[in-house]
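Asks: Sequence:
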Amino acid sequence: MLERLETLNEKVALEKRVEGLQETLRVKEAEYVRQTRLLTNAERQFSHQDARMEEMVKQLDQALRARDNAERELEEARRTHTPTAVLEETLRERESSYQRRLLELGKSKDEDISTIRREVEKTLDERDAARRAFHLALQDLNMSQEEVKDLQTTMEGSLVERRQLVAEIKIKEEQIQQRTSAIEDLERNISEKQEIIADLSRPEEEREAARREAEALREEVAELRAEKDKMEK
Numbered sequence: 001m002l003e004r005l006e007t008l009n010e011k012v013a014l015e016k017r018v019e020g021l022q023e024t025l026r027v028k029e030a031e032y033v034r035q036t037r038l039l040t041n042a043e044r045q046f047s048h049q050d051a052r053m054e055e056m057v058k059q060l061d062q063a064l065r066a067r068d069n070a071e072r073e074l075e076e077a078r079r080t081h082t083p084t085a086v087l088e089e090t091l092r093e094r095e096s097s098y099q100r101r102l103l104e105l106g107k108s109k110d111e112d113i114s115t116i117r118r119e120v121e122k123t124l125d126e127r128d129a130a131r132r133a134f135h136l137a138l139q140d141l142n143m144s145q146e147e148v149k150d151l152q153t154t155m156e157g158s159l160v161e162r163r164q165l166v167a168e169i170k171i172k173e174e175q176i177q178q179r180t181s182a183i184e185d186l187e188r189n190i191s192e193k194q195e196i197i198a199d200l201s202r203p204e205e206e207r208e209a210a211r212r213e214a215e216a217l218r219e220e221v222a223e224l225r226a227e228k229d230k231m232e233k
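Every letter in the sequence shown is one number past the one before it in the UniProt record's numbering, and letter 125, counting from 1, is 125.
Think of the hints as simulated: they come from the structure by calculation, not from any bench.
Wrong hints could be hidden among the right ones.
[As the list claims (entries may be wrong)] In silico SDA-like links for lysine to any residue, alpha-carbon gap of 20 Å or less:
#1 K172 <-> L224
#2 K228 <-> E168
#3 K230 <-> I176
#4 K228 <-> E173
#5 K28 <-> E121
[Unchecked claim] For each label pair, taking beta carbons as the anchor points, the in silico distance ranges come out as:
#6 P203 <-> I176: 35 to 45 Å
#7 A226 <-> Q139: 35 to 45 Å
#8 R118 <-> E168: 51 to 61 Å
#9 K16 <-> A167: 47 to 57 Å
#10 D199 <-> M231: 16 to 26 Å
#11 E168 <-> E204: 20 to 30 Å
#12 E213 <-> I176: 18 to 28 Å
#13 T115 <-> D68: 27 to 37 Å
The beta-carbon is built from N, C-alpha and C at its ideal position, and this holds for glycine as well.
Model the full structure from these sequences, guided by the hints.
Replies: And the structure:
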C-alpha cells in the first residue's frame, strides 16, 4: 500500500509538472506569434518606408546629386585644362558623403529588422525548448496530446485516489497499533501466568489453570501477530 502511495505521489507530481509545462508552452507559443507579427509588421512598414526612411533616402539622393555635380565640374576642368586639385578633393568628399548616406540607410533598416529577427529566433528557440520538455513529460506520463486535454480531470482523479489511499493507510496504521498494544498486553499476562506456573508453593490446580490460560493467550497472540503481519504487507 505504501508503494502504491509512493507511485501515486510520483504520478500526481508528474501531472502537475506537465500542467506547468503546458502553461509555459502556451506562453512561449503566444510570445513567438507576437514576435513574428512584429517582424512582419516591421518588414511591411519598411517596405512602404516611414518618414525617417524617406528623409534618409532624400539625403542620399542629395548626396548622389552633389557627387554627380562634382564629377561634372571635374570633367569640365580637365577638358579646359583648369587646375583640378580642389575639384578632386571636393569629389572625394562628395563620394564619401554619398557612401556614408548609403551605408546609414542600409544599416538603419537592417539593424531594426535584425533586432526583431533576433528576438523572433530567440522566442522560437524558447518555444521549441518548451515543446520538447512538454513532450518528454507526456512520454513519462504515458499520455497523448488528446489525453492531456483532460489533464485537470486526470489530476483530480489522482488526487482523490491519493486521499482515499492515505485515509486507508491511516486506518490500517491505527489497526496495527491496536494489535500491537493488544499483543503487548497479552504478553504481560502470559508473563504473569509463567510466574504462577513457576511458583511451586502454589496449588497444582492453580498452576495447571495458569498453564491452560497461558496456552490460550499464546494462541491469541499468534492470531494477532498473523493479522498484524498481513496488514503490514
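Asks: All hints, please: hold or fail.
Replies: Taking the hints in turn, this is what the structure says about them:
1. About 14 Å separates the Cα atoms of K172 and L224, which keeps this hinted pair within 20 Å; it holds.
2. Under the criterion of a C-alpha separation no larger than 20 Å, the hint pairing K228 with E168 is consistent with the structure, at around 15 Å.
3. Between the alpha carbons of K230 and I176 the distance comes to roughly 10 Å, so the proposed pair stays at or under 20 Å and holds.
4. At most 20 Å may separate the alpha-carbon atoms for a hinted pair to count; K228 and E173 meet this at roughly 10 Å.
5. Restraint check for K28 and E121: the C-alpha separation of about 12 Å stays at or below 20 Å, so the hint holds.
6. A hinted range of 35 to 45 Å for the beta carbons of P203 and I176 is consistent with their spacing of about 40 Å.
7. A C-beta distance of roughly 44 Å is found between A226 and Q139, which places it inside the suggested range of 35 to 45 Å.
8. Between R118 and E168 the Cβ separation comes to about 56 Å, which falls inside the hinted range of 51 to 61 Å.
9. Taking the beta carbon of each, K16 and A167 are about 21 Å apart, not inside 47 to 57 Å as hinted.
10. Taking 16 to 26 Å as the suggested C-beta distance range, the pair D199 and M231 does not conform, at roughly 37 Å.
11. The beta-carbon spacing between E168 and E204, approximately 51 Å, falls outside the hinted interval of 20 to 30 Å.
12. Evaluation of the 18 to 28 Å hint for E213 and I176 yields a pass: the beta carbon distance comes to about 26 Å.
13. With their beta carbons about 34 Å apart, T115 and D68 fall inside the hinted range of 27 to 37 Å.
Of the numbered hints stated above, those contradicted by the structure are hints 9, 10, 11, listed in ascending order.
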